[in-house]
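**Q** So the chains spell out like this:
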Amino acid sequence: MTVTLELGLIYAIMALGVYLTFRILNFPDLTVDQSFTTGAATAAILIVNYEFDPVLALGAAFIAGALAGIVTGLLHAKGGINPLLAGILTMLALYSINLRIMGNRANVPLLGHDTLYTWFGNNGITGWTLILVLAIIVLIVKLALDWFLGTDMGLGLQATGDNEEMVRSFGVSTDAMKIVGLAVSNGLVGLAGAFIAQKQGSSDISMGIGLILVGLASVILGQALFKNRFVDRFADSVVGRFIFGTRNREVLIATTAVIIGSIIYRAAVQGALAVGFNPNDMRLISAIIVVIALLIPRWRIRTKSKTAPKSTVNQAFQETTDAKA
Amino acid sequence: MLKLSNINKTFFPNSINERVALADVNLELADGDFVTVIGSNGAGKSTVLNTIAGKVTPDTGTVSIAGKNVTRMKDYKRAKYVGRVFQDPMAGTSPDLTIEQNMALAERRGMRRGLAFGITKSKRQRFAEELEVLELGLEKRLSAKVGLLSGGQRQALSLLMATFSKPKILLLDEHTAALDPERARLVTHLTEKVVAEQRLTTLMVTHNMAQALEVGNRLIMMHEGRIILDVAGEQKAAMTVDDLLAQFASIKDADISDRTLLQ
Ligand SMILES: Nc1ncnc2c1ncn2[C@@H]1O[C@H](COP(=O)(O)OP(=O)(O)OP(=O)(O)O)[C@@H](O)[C@H]1O
Ligand SMILES: [Mg+2]
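Residue numbers (the numbering used here), protein chains in the order written: chain E, 1 to 325; chain G, 1 to 263.
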């Protein structure tokens, strides 16, 4: 239980980054698979070789991830390279760079050095207390992202993923917005990588491979669960207004959904392990979870249009367009 | 206010798809001019507007706005001077953002966008007041997603967003063409009102000749990339739809005689 929550919460930071590119910017960014390791490697080396404060190492990991994002952004915006290809190119290049960062080793153990987790251990932060602390950290990241997306710049960024022609006609540089978005996104991914490295006690060259699927699964699972009438109605209620506000509600609900999605994804993975799948099956299981999450909205439409075709046509249409978007 | 000098634009030059979109276009607009633009399909009307907005870079010639040469300025930088409403009601707004978020975005046209809150109480109040002018009840739905609005409502909102930050030039490209007659009338009425109130220098493309005569103080007609008629003031006021049709017919005749001459 606590393992599920712990991993779910840490990976939620990465999933928030994936949400920013995939959902907000509409940019399928594959940099993530290696920028995660970039963050982990940067933090590990700083801690091992330079006795860096573990918290500062997290900050450095964010910056390292953000730089990776900027490279992808420049390749796309200034070089005119297709988003998928731009991400893949950076990802491939990062593999070598990550090995360099780690001093041409595939693994940097943190054993015997002070990390966040040794600090947690020394201060009795374990079990449920640890979950609480992690929940607060994730909440802070979420609130920061919510705030950012609600600023003047954030609105420009949101609209860039929605209607490029229109935001340009209002004087927004869509190139700049994409670069900023990719930087923040990969920064968060790098931050999550550094966190995981400190948790597992090492940075490993292959630790990020396939993570894009995990991020996507969280985003899509969250959305599949949160895009319905009940959530909309709750958001309209007094309590809902208090939690989600009205100024940037769509984003506040979505980021909440991503965090829940990340935890549910972990639960599904743990469940699969519990019923006898082995860790080598994880990629397959991730892919199946994503497919299921993608199919949920379609099933819903079908069952609904069978029971009450007329009154739900609009809603069904709404959901089809949502599913496409 | 706006000056186009010797603009030429050919798409896909030296290929079988070569299209001369603009041929030696010269146009000067005085401050507060409201010009309607007519012409057959493919005449180059949209290309003129796109050249002014910076979407299309001319092969030759210069574009200047308020005395400033902007020929090489990127479209999003030029947006500081230019407000646009597109033909497609979906094109002028961001469907996933709310009405007030769209307006907040529009309000900062050409300004720096920093990390201040996009929506504040005072902005909300201001937006509500602006929206009241539309008389569509949108001021009560500030936090509704724009994607939920009808085409007419979105177009009215687009018009408001394009104008309330007072652009130097307003470009309207068949912005009522996709609406039903009643909505079209409403948006046309709003257009006249806003342009008059703010004395905006405006170019409005339309296929409706009666409207082209009724609205604005000047009219230009385009054909095959050229401006072939430019009337203003009294002269425009005295024109009728039949006069315009006669003009169109005479161009076609001229075309035919040109072709027969070539043979
Ligand atoms: N981006 C482009 N690429 C290639 N050709 C273009 C492009 N834009 C316009 N053209 C061509 O330039 C010519 C003028 O087009 P334009 O869109 O300006 O006409 P229009 O007067 O606006 O016509 P309509 O009334 O149909 O909107 C046409 O032949 C068109 O095919
Ligand atoms: Mg056109």
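Source of the hints: derived by calculation from the structure; they are not laboratory data.
Incorrect hints may have been included.
[To be verified] Derived lysine-lysine pairs resembling BS3-like cross-links, with alpha carbons at most 30 Å apart:
#1 G:K236 with G:K140
#2 G:K3 with G:K123
#3 G:K74 with E:K142
#4 G:K140 with G:K68
#5 G:K68 with G:K145
#6 G:K80 with G:K68
#7 G:K68 with E:K227
#8 E:K227 with G:K77
#9 E:K142 with E:K199
#10 G:K68 with G:K55
#11 G:K80 with E:K78
#12 E:K78 with G:K140
#13 G:K121 with G:K68
#14 E:K142 with G:K68
#15 E:K78 with G:K68
#16 G:K236 with G:K123
#17 E:K227 with G:K55
#18 G:K252 with G:K80
#19 G:K193 with G:K77
#20 E:K142 with G:K123
#21 G:K166 with G:K140
#22 E:K78 with G:K121
#23 G:K121 with G:K3
#24 G:K140 with G:K74
#25 G:K77 with E:K78
#26 E:K199 with E:K78
#27 G:K166 with G:K68
#28 G:K121 with G:K145
#29 G:K3 with G:K236
#30 G:K123 with G:K145
#31 G:K140 with G:K55
#32 G:K252 with G:K168
#33 G:K3 with G:K74
[To be verified] Heads up, incomplete: computed chain E residues facing chain G, CB under 7 Å, no partners named:
#34 D152
#35 N163
#36 F170
#37 G171
#38 S173
#39 A176
#40 I179
C-beta: ideal position from N, C-alpha, C; glycine also.
**Q** None of the hints should be skipped; say for each whether it holds.
**A** Each hint, compared with the structure:
Using a Cα cut-off of 30 Å, the hinted pair K236 of chain G and K140 of chain G is violated, with the two alpha carbons roughly 41 Å apart. For the suggested pair K3 of chain G and K123 of chain G, the alpha carbons sit about 35 Å apart, so the restraint of at most 30 Å is broken. With a C-alpha separation of about 35 Å, the suggested pairing of K74 of chain G with K142 of chain E is violated against the 30 Å cut-off. At roughly 41 Å between alpha-carbon atoms, K140 of chain G and K68 of chain G are farther apart than 30 Å, so this suggested pair is violated.
For the hint pairing K68 of chain G with K145 of chain G, the CA-to-CA distance comes to about 38 Å; that exceeds 30 Å, so the pair is violated. Annotation: proposed proximity of K80 of chain G to K68 of chain G holds, straight-line Cα distance about 12 Å (limit 30 Å). Restraint check: the Cα-Cα separation between K68 of chain G and K227 of chain E comes to about 49 Å, which exceeds 30 Å; the hinted pair is violated. Taking the CA atoms of K227 of chain E and K77 of chain G, the gap is about 37 Å. The hint is violated against a cut of 30 Å.
Between K142 of chain E and K199 of chain E the alpha-carbon distance is near 21 Å, which keeps this suggested pair within the 30 Å criterion. Of the pairs offered as hints, the one joining K68 of chain G and K55 of chain G holds, with about 18 Å between alpha carbons and a cut-off of 30 Å not exceeded. For the suggested pair K80 of chain G and K78 of chain E, the alpha carbons sit about 22 Å apart, so the restraint of at most 30 Å is met. Of the supplied pair hints, the one linking K78 of chain E and K140 of chain G is violated, its CA atoms being roughly 42 Å apart against a limit of 30 Å.
At roughly 37 Å between alpha-carbon atoms, K121 of chain G and K68 of chain G are farther apart than 30 Å, so this suggested pair is violated. Between the alpha carbons of K142 of chain E and K68 of chain G the distance comes to roughly 45 Å, so the proposed pair goes past 30 Å and is violated. Between the alpha carbons of K78 of chain E and K68 of chain G the distance comes to roughly 27 Å, so the proposed pair stays at or under 30 Å and holds. Of the supplied pair hints, the one linking K236 of chain G and K123 of chain G is violated, its CA atoms being roughly 41 Å apart against a limit of 30 Å.
The hinted pair formed by K227 of chain E and K55 of chain G fails the criterion: a straight-line CA distance of about 37 Å is larger than 30 Å. Between K252 of chain G and K80 of chain G, the direct Cα distance comes to roughly 40 Å. Violation of the 30 Å bound is thereby established for this hinted pair. At most 30 Å may separate the alpha-carbon atoms for a hinted pair to count; K193 of chain G and K77 of chain G meet this at roughly 27 Å. Annotation: proposed proximity of K142 of chain E to K123 of chain G holds, straight-line Cα distance about 25 Å (limit 30 Å).
About 24 Å separates the Cα atoms of K166 of chain G and K140 of chain G, which keeps this hinted pair within 30 Å; it holds. This hinted pair does not check out: K78 of chain E and K121 of chain G have alpha carbons roughly 38 Å apart, beyond 30 Å. The straight-line distance between the Cα atoms of K121 of chain G and K3 of chain G is roughly 40 Å, outside the 30 Å bound, and the hint therefore fails. Between K140 of chain G and K74 of chain G the CA atoms are separated by roughly 37 Å; this puts the pair beyond 30 Å, and the hint is violated.
With a CA separation close to 16 Å, the supplied pair K77 of chain G and K78 of chain E stays within the 30 Å bound. Distance check on the hinted pair: K199 of chain E and K78 of chain E sit about 38 Å apart at the alpha-carbon level, beyond 30 Å; violated. At most 30 Å may separate the alpha-carbon atoms for a hinted pair to count; K166 of chain G and K68 of chain G meet this at roughly 18 Å. The straight-line distance between the Cα atoms of K121 of chain G and K145 of chain G is roughly 18 Å, inside the 30 Å bound, and the hint therefore holds.
A hinted pair counts as satisfied when its Cα atoms are at most 30 Å apart, and K3 of chain G with K236 of chain G qualifies at roughly 21 Å. Proposed proximity of K123 of chain G and K145 of chain G is supported: the alpha carbons are some 17 Å apart, at most 30 Å. For the given pair, K140 of chain G sits about 35 Å from K55 of chain G by alpha-carbon distance, which is inconsistent with the 30 Å threshold. The straight-line distance between the Cα atoms of K252 of chain G and K168 of chain G is roughly 36 Å, outside the 30 Å bound, and the hint therefore fails.
About 17 Å separates the Cα atoms of K3 of chain G and K74 of chain G, which keeps this hinted pair within 30 Å; it holds. The criterion of a C-beta within 7 Å of any C-beta in chain G is met by D152 of chain E, whose closest approach is roughly 4 Å, and the hint holds. Evaluation of the N163 of chain E hint against chain G yields a held restraint, the C-beta minimum of about 5 Å falling below 7 Å. Interface hint status for F170 of chain E: upheld, as the beta-carbon distance to the closest one in chain G is roughly 5 Å, under 7 Å.
Interface restraint check for G171 of chain E: the shortest CB-CB distance to chain G comes to about 4 Å, inside 7 Å, so the restraint holds. With its C-beta approaching chain G no nearer than about 5 Å, S173 of chain E sits inside the 7 Å limit, and its interface hint holds. Because the beta carbon of A176 of chain E sits about 9 Å from the nearest beta carbon in chain G, more than 7 Å, this interface hint is broken. Hint on I179 of chain E is violated. Least Cβ distance to chain G is approximately 14 Å, over the 7 Å limit.
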